[in-house]
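Going line by line, the protein sequences match chains A and B. All residue numbers in the first sequence are consecutive under the working numbering, ending with 463. All residue numbers in the second sequence are consecutive under the working numbering, ending with 813.
FYI, nobody ran anything at the bench for these hints, they're computed from the structure. Keep in mind that the hints are not guaranteed to be accurate.
[Unchecked claim] Here are the simulated lysine-lysine pairs, PhoX-like style, with alpha carbons at most 20 Å apart: (1) A:Lys188 x A:Lys416; (2) B:Lys634 x B:Lys720; (3) A:Lys158 x B:Lys643; (4) A:Lys325 x A:Lys303; (5) B:Lys643 x A:Lys136; (6) B:Lys720 x A:Lys136; (7) A:Lys246 x A:Lys303; (8) A:Lys416 x A:Lys342; (9) A:Lys234 x A:Lys158.
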Amino acid sequence: MRLNRYINCKVLFSALVAVSLLWQNPALAQDTTAVDTAASEGIISSSELQEQNDSTGAAATTTGNAVASEVPAGTTAAAQSQDAANAEAEGIPAQVYNNFFYYVLLFVLLCVAVGVIGKILRVYDLSRNIQGKREGINWNKVHAVLFLISLILGMYGAYWSYVHHGGIAFKWAASEHGALLDNMFVTTTVITTIVFVLTQALLMIFSFVYRYNPKRKAFYYPHNNFIEKLWTITPAVVLTVLVLFGFFTWRSITNVPEDVVESSIQIEVTGEQFAWTVRYAGEDNKLGNHHFKLINPSNLLGLDYSDKASHDDLLSSDIVIPVNKPVHFTINSKDILHSFLIPEMRVQINAVPGMATHFQMTPTVTTREMRNKRNNPDFDYVMLCNKICGSGHYNMQKKVIVVSQQEYEDYVAGLNPFFDETAQKAFQAAQSNSDSKDIQQVAFNK
Amino acid sequence: MAFFAMFLSILFRIQLAWPDTDFPILEAFLGKWAEGGRIKPDFFLSLVTIHGTIMVFFVLTAGLSGTFSNLLIPLQLGARDMASPFMNMLSYWFFFTACIVMISSFFVESGPASAGWTIYPPLSALPQAIPGSGTGMTLWLVSMTLFIASQVVGGINYISTVLNMRTKGMSLWRMPLTIWALFLTAIVGLLSFPVLVSAVVLLVFDRGMGTSFYLSDIYIAGQALPNEGGSPILFQHLFWFLGHPEVYIVLMPALGLTSEVIATNARKPIFGYHAMVYSLVGITVLSFIVWGHHMFVTGMNPFLGGVFMITTLIIAVPSAVKTFNYLATLWRGNLRFTPAMLFAIGLVSFFITGGLTGIFLGNSALDISLHDTYFVVAHFHLVMGSASICGMLCGVYHWFPKMFGRMMDDKLGYLHFWFTFVGAYLVFFPMHFMGIDGVPRRYYSFTSFPFMQEWLSVNVFVTWAAIIAGLGQVAFLFNFFYSIFFGKKATQNPWQANTLEWTTPVEHLHGNWPGEIPTVYRWPYDYSKPGHDTDFIPQTVPFSATMSSNLPHDFDGDTTAEKIQRDWDKEHGIERSEYSH
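From just these sequences and the hints, can you work out the full model?
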């Protein structure tokens with residue numbers, strides 16, 4: 018039975034090879050005709066043809082295997098002639114299909130190779146059997162060794178990744194609370210890395226050492242309450258330390274006393290698809306009220322000018338903040354959820370429509386200092402959207418510039434207020450018509 | 233479904249790796265969604281969304297607890313069938329319809345849902361915000377409702393079967409860990425899935441009937457919407473009340489399956505059976521009070537964030553216990569590396585790696601800068617993606633002989649494992665570092681930010697690793713279908729396992745056992761018991777047949793049995809440690 022199937026397989030396989038070989042000649046002939054017709058119809062330009070030749074040529078050289086390159090060439094040509102009609106209708110060049118089927122065929126060849134290796138292994142196993150030696154390949158040993166190798170390579174890879182990728186990824190934070198977070202991050206990384214190395218090493222070494230041996234019997238060891246208690250309590254203690262550490266840091270970041278908040282620089286950032294609007298509170302350091310029904314092309318944020326605090330609010334194109342001064346960000350959204358993330362400063366809070374959110378922080382390094390430090394004159398802090406918000410989500414950014422107190426004051430002095438002349442006129446016109454104002458107020462639910 | 237979702241992931245990985253290259257072949261398949269051979273941003277988000285949805289719900293939830301509950305609960309407990317075969321069928325057809333509806337969303341004009349698998353409103357509620365929130369989102373919601381109906385019906389069935397239909401002698405403490413895991417999973421699912429229905433129904437109201445549960449103060453596409461007073465945060469609470477337990481719904485069956493496979497193939501009892509069960513129970517209970525850790529920076533009350541951080545890090549303790557117990561089970565075992573065993577070891581490895589990064593993310597303070605970055609992507613793909621899929625594949629390889637009466641090819645299994653294991657690490661490990669650098673997830677391309685340019689080469693590497701690992705799955709696909717028809721015929725107990733399913737005949741028959749249902753006399757993990765001639769003793773073998781290997785704790789304080797054993801020992805001159813303690 019088994020032999021029969023084996024032969025069957027072989028027959029099938031050889032038939033497959035034969036068919037693919039048969040295809041070669043007529044297909045090559047077809048290739049030229051297909052190209053001819055295509056060229057005469059002007060669908061494939063000569064440059065594209067050149068490309069086509071190039072790509073097949075390149076493919077042939079890269080595989081470096083005469084059989085491998087001939088078979089796909091022949092068959093892709095066949096595919097081309099088949100799909101030429103479709104392609105014309107859809108306006109997709111037939112070359113596209115050629116390339117695609119080329120890769121598909123490469124993969125099929127790979128599968129065949131794997132199959133052949135499988136058969137060779139089977140033959141090896143069987144011949145060992147016939148010779149009466151112990152049964153073929155000891156796969157348990159193979160895997161045990163592979164586990165050991167994967168441990169060594171894996172640990173080296175992890176180390177390399179820590180050094181190489183970690184070096185790119187981890188930069189000390191440029192804010193006061195960020196420094197606390199970085200401490201915690203490093204502590205956690207050290208603890209988890211130790212656990213990671215130990216447990217993975219144990220896993221792989223146990224796999225290697227205790228691989229199957231028919232002469233041995235496993236050690237019957239159903240439980241040991243002491244050890245179990247030990248490794249329940251140890252992680253519990255370590256985690257308690259981390260939790261307390263984290264809890265107090267978290268509270269210190271999020272639970273800022275009222276008077277500190279009020280004395281900080283007030284900046285509001287409002288998200289919308291796919292931009293941010295920055296508003297400074299102006300001289301009174303108070304952000305004026307706003308309401309979403311007041312939004313119109315001339316009043317971007319829907320500021321309510323009947324609130325005097327809004328009159329000195331300033332529009333800014335970037336987020337410019339002074340170094341070492343507490344800043345209180347108020348985050349709003351006009352439409353859907355966004356998220357306000359400044360990775361370098363470890364600042365993130367979502368922008369929620371209908372609910373203002375807040376983040377209090379103090380930057381510690383100016384943009385200029387950071388440029389020198391990083392040796393990168395183009396460096397800029399960046400604020401980006403970090404909550405899926407639609408097609409422009411991937412490019413919804415604002416520059417954050419940290420400057421000295423003097424530069425900050427100069428910058429703010431140069432900003433334009435929202436309540437400019439046009440806005441004033443519009444507001445006065447609305448006010449002079451008291452009837453309409455009443456209606457408006459009813460409409461605003463104020 | 234898994235392969236469909238994997239294919240989607242490879243599509244968007246291609247976009248991430250080569251953002252500026254055209255792939256004209258994509259246009260042939262995707263038409264206007266990839267005009268000129270480039271995936272459009274909207275469609276990219278659709279791919280991400282549907283990949284997540286299908287993987288989490290349709291593959292890992294249905295594939296693990298759905299498949300293996302219906303297969304293993306009756307077989308391992310000694311039941312003729314599930315408590316309600318009709319509900320079983322109903323559950324299947326609900327699931328099937330849900331699959332059809334979900335995939336059909338690829339054939340609507342505005343494209344499939346694209347608000348992320350978490351479908352946060354208002355994005356998912358407003359077609360003005362993204363085209364996928366039109367018909368595609370409606371289909372998503374319909375599909376999920378059907379899916380949840382399927383889960384609930386199935387869950388009730390699992391629980392009632394486990395509680396009512398155990399064979400004689402199968403006390404709760406003699407159940408294999410597989411059953412414990414599936415049982416607790418069903419409980420978690422039954423309690424949490426309905427909450428998602430409520431979230432979905434309210435979202436349907438918001439979308440179609442003008443209510444304002446989640447919508448408030450929105451000015452979009454040049455006009456202010458009338459909705460006021462709603463809160464998007466409400467949806468997040470409702471979603472994650474399911475969403476977090478869902479992670480354990482996915483993970484616990486995988487842990488259950490591997491416990492069984494590791495014990496069988498290490499020829500050794502699982503270490504700390506009781507501790508394993510208690511940690512599963514602990515995870516079950518705690519999973520309901522940790523959902524807030526997904527919402528640390530959403531504007532939820534920060535104090536609440538602190539509380540959720542504490543509960544979240546507590547749940548790491550039972551997880552750690554499970555890991556250590558696995559390691560202790562391997563210690564001084566006699567490991568047979570069947571493909572199932574390889575995947576079980578893979579699960580442990582992924583569970584460790586992915587679990588450890590959870591300590592970062594569970595910490596609300598560290599989460600500030602890591603939230604929604606690639607760090608999160610790496611974390612959950614390792615701990616819940618790779619680990620669970622390893623558990624699932626481990627289950628498939630192990631119970632394939634039970635499902636189809638034939639064996640899968642070992643060598644293809646080995647090839648498949650190494651491709652998957654190495655591939656998954658190569659794909660997900662570098663992502664941690666991208667996250668630490670602050671690269672957000674769900675970004676269509678990395679070209680707009682200078683600091684992300686450095687990661688482009690990593691992205692290319694990751695995509696190649698993903699493609700190769702993906703192609704490696706073909707080995708499994710072929711093996712699976714080929715073996716169903718042409719695999720080697722299985723013997724009754726191919727792995728020399730103890731549990732009841734291996735006492736059924738290889739040929740399937742209605743009612744599982746031809747004669748009487750077997751009686752159970754012992755726990756399922758008597759492997760390599762000293763004094764016994766073989767290295768396994770099936771659950772159906774009474775202690776009277778194994779007088780040479782019985783141990784004091786086997787009798788649970790049954791004095792008559794202890795006396796009989798003592799007499800036997802005296803007769804044969806065997807010294808044993810004291811009996812009563």
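Status of each hint after checking the structure:
Between Lys188 (chain A) and Lys416 (chain A), the direct Cα distance comes to roughly 18 Å. Compliance with the 20 Å bound is thereby established for this hinted pair. Between Lys634 (chain B) and Lys720 (chain B) the CA atoms are separated by roughly 13 Å; this keeps the pair inside 20 Å, and the hint holds. As the CA atoms of Lys158 (chain A) and Lys643 (chain B) are separated by approximately 14 Å, the hinted pair is consistent with the 20 Å bound. Proximity of Lys325 (chain A) to Lys303 (chain A) is assessed by CA-CA distance (about 10 Å); at most 20 Å being required, the pair is judged to hold.
The hinted pair formed by Lys643 (chain B) and Lys136 (chain A) meets the criterion: a straight-line CA distance of about 11 Å does not exceed 20 Å. Between Lys720 (chain B) and Lys136 (chain A) the alpha-carbon distance is near 16 Å, which keeps this suggested pair within the 20 Å criterion. Using a Cα cut-off of 20 Å, the hinted pair Lys246 (chain A) and Lys303 (chain A) is violated, with the two alpha carbons roughly 57 Å apart. Proposed proximity of Lys416 (chain A) and Lys342 (chain A) is supported: the alpha carbons are some 18 Å apart, at most 20 Å.
About 17 Å separates the Cα atoms of Lys234 (chain A) and Lys158 (chain A), which keeps this hinted pair within 20 Å; it holds.
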